[in-house]
Amino acid sequence: MRGKFSINTVLLLTGALFACAAAALDRAAVEKLAFGDSDERSAAIALLVTEGDPRAAAILGALGEGELQIAGKRVLIVKGSEATDAITGEKLAALPAEREDIVVNNRLRSAVQGALAALKLVSADRAERYTAAKALAGGADAGMLPLVKKALDKESDADIRTLLQHIAASLELKAGDGPTRLAAVRTLGLSGGGNAKSLLLAVLEGETDADVRLEAQKSLKQVEERLAWGQRAGLLFAGVSLGSILLLAALGLAITYGLMGVINMAHGELIMIGAYATFVVQNLFRAHLPAAFDWYLLCAVPVAFAVSALVGMALERSVIRWLYGRPLETLLATWGISLVLIQAVRTIFGAQNVQVENPAFMSGGIELLANVVLPWSRIVIVLFAGAVVTGVWLLLTRTRLGLFVRGVTQNRAMASCVGVPTARVDTLAFGLGSGIAGLAGCALSQIGNVGPDLGQAYIVDSFMVVVLGGVGQLAGTIYAALGLGFANKLLESWSGAVLAKIAVLVFIIIFIQKRPQGMFALKGRSVET
Numbered sequence: 001m002r003g004k005f006s007i008n009t010v011l012l013l014t015g016a017l018f019a020c021a022a023a024a025l026d027r028a029a030v031e032k033l034a035f036g037d038s039d040e041r042s043a044a045i046a047l048l049v050t051e052g053d054p055r056a057a058a059i060l061g062a063l064g065e066g067e068l069q070i071a072g073k074r075v076l077i078v079k080g081s082e083a084t085d086a087i088t089g090e091k092l093a094a095l096p097a098e099r100e101d102i103v104v105n106n107r108l109r110s111a112v113q114g115a116l117a118a119l120k121l122v123s124a125d126r127a128e129r130y131t132a133a134k135a136l137a138g139g140a141d142a143g144m145l146p147l148v149k150k151a152l153d154k155e156s157d158a159d160i161r162t163l164l165q166h167i168a169a170s171l172e173l174k175a176g177d178g179p180t181r182l183a184a185v186r187t188l189g190l191s192g193g194g195n196a197k198s199l200l201l202a203v204l205e206g207e208t209d210a211d212v213r214l215e216a217q218k219s220l221k222q223v224e225e226r227l228a229w230g231q232r233a234g235l236l237f238a239g240v241s242l243g244s245i246l247l248l249a250a251l252g253l254a255i256t257y258g259l260m261g262v263i264n265m266a267h268g269e270l271i272m273i274g275a276y277a278t279f280v281v282q283n284l285f286r287a288h289l290p291a292a293f294d295w296y297l298l299c300a301v302p303v304a305f306a307v308s309a310l311v312g313m314a315l316e317r318s319v320i321r322w323l324y325g326r327p328l329e330t331l332l333a334t335w336g337i338s339l340v341l342i343q344a345v346r347t348i349f350g351a352q353n354v355q356v357e358n359p360a361f362m363s364g365g366i367e368l369l370a371n372v373v374l375p376w377s378r379i380v381i382v383l384f385a386g387a388v389v390t391g392v393w394l395l396l397t398r399t400r401l402g403l404f405v406r407g408v409t410q411n412r413a414m415a416s417c418v419g420v421p422t423a424r425v426d427t428l429a430f431g432l433g434s435g436i437a438g439l440a441g442c443a444l445s446q447i448g449n450v451g452p453d454l455g456q457a458y459i460v461d462s463f464m465v466v467v468l469g470g471v472g473q474l475a476g477t478i479y480a481a482l483g484l485g486f487a488n489k490l491l492e493s494w495s496g497a498v499l500a501k502i503a504v505l506v507f508i509i510i511f512i513q514k515r516p517q518g519m520f521a522l523k524g525r526s527v528e529t
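Note that the working numbering gives residue 233 to position 233 of the sequence shown, counting from 1, and the numbers run on in steps of one.
It is possible that some hints are incorrect.
[Claimed, not checked] Here are the simulated SDA-like pairs of lysine to any residue, each with C-alpha atoms no more than 20 Å apart in a straight line:
(1) K218 / E207
(2) K150 / L47
(3) K73 / I102
(4) K32 / L116
(5) K154 / S123
(6) K197 / L214
(7) K150 / A135
(8) K197 / Q231
(9) K149 / Y130
(10) K197 / A183
(11) K73 / V103
(12) K32 / V103
(13) K134 / Q113
In short, the hints are calculated from the structure, not lab data.
Go ahead and model the full structure; you've got the sequences and the hints to work with.
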């Protein structure tokens with residue numbers, strides 16, 4: 001008896017709990033949502049959101065998807081051939097014969113989308129709450145304020161709390177009294193977002209309370225200062241990013257032109273070959289190793305280096321070796337080679353650009369400030385450029401090949417006399433410079449489309465970097481690349497991309513006239529010219 005009594009008791013308590021849960025959903029709100037006019041429906045949406053009942057999300061989702069219908073006085077959620085009573089949750093044995101769709105206009109559809117986002121604020125999933133808060137930060141209905149405050153009281157994540165505070169303040173500005181609006185203005189002053197600036201500007205335009213206006217002016221000044229710092233940080237990162245790209249593009253040329261004196265007009269096409277090698281590796285991983293696709297770059301980096309290096313060494317052995325000391329002929333020959341390589345790629349891959357997809361770890365970015373997002377793709381390229389520079393420096397200063405290259409660069413005749421195989425060193429050095437160009441192409445494939453004309457966009461900038469930094473100077477190449485990156489981005493923010501490029505070219509022309517050896521002159525007992 002005692003066991004039976006206990007089971008019955010549990011069943012009764014469970015039934016009572018379900019009955020209470022069912023009663024928690026406002027029947028009148030659901031009926032107004034179905035049968036009311038436009039204003040009543042908007043009010044019903046706000047009321048359902050305020051309650052925060054999990055079933056409200058299902059009802060509003062059905063309304064937005066056109067699955068909410070009425071049959072007599074009942075409100076139904078109809079999915080295919082199944083119907084559920086929206087209020088009680090009871091499943092109907094059969095679909096009623098006479099049903100009507102609930103028409104939703106654009107105003108209600110917008111309200112439903114905002115309401116569904118608001119209901120996700122109480123989700124257990126952090127990513128879902130953050131996404132909902134970001135969506136509501138762009139604009140929320142005043143009726144959502146109670147739920148926003150409820151979510152704010154329970155929220156422990158600092159980033160989401162900041163967003164919720166901003167949302168609550170923006171809603172209190174619309175419907176609050178004087179002291180409430182004053183507190184909301186102060187809260188917005190702690191934010192650095194563009195939305196906060198827009199709200200504060202609106203307050204200054206329409207507010208009649210002198211205290212609120214004065215506080216809005218102070219808060220607006222704080223927000224503008226934060227946005228200005230954000231713009232400076234974004235400009236700084238953009239300069240480093242562009243400088244890293246120029247450095248990767250010019251580093252190989254610093255070896256082939258700076259150390260060997262070869263004016264290689266096909267350097268841009270070696271960059272392009274590295275990018276297409278990355279494209280081929282990507283397609284092979286997608287076709288044969290789809291589970292490991294996010295790691296294809298680990299294979300693409302050495303492949304891009306090897307392919308470009310082999311092409312460069314073949315060019316040196318077949319054409320360039322016979323043109324050392326004849327700069328004009330070298331320029332014309334390598335320009336012709338560049339045209340051949342472009343046409344070969346067009347024949348193999350087609351004239352259209354191809355898409356190289358970023359791995360998952362390079363997607364998205366870091367939101368440093370409200371108006372500054374640092375893309376992971378750019379961050380990885382900056383780190384990659386640093387790694388390549390370090391590797392080249394170690395190769396040139398800590399290896400036998402680097403010693404030979406520096407010896408041949410400073411005095412070819414003396415290096416040959418002491419047994420240095422200068423012809424082999426030339427081939428290996430040219431292959432090294434070409435391989436680094438392939439690494440640049442691999443990096444560039446992650447920030448844009450890959451096409452036959454990819455290298456043409458970087459050949460002039462690469463020569464500018466090498467000449468400005470000083471022929472044969474690795475440190476000068478680094479400083480010149482970063483300096484040009486910062487100068488370009490700084491001038492672009494003032495005058496636009498075209499005028500910025502013109503200004504940089506004029507500066508380089510004047511600089512080279514005053515200092516032909518570049519920022520760093522090559523030192524040695526004898527430097528061949």
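Tell me the hint numbers this structure goes against, listed in increasing order. none
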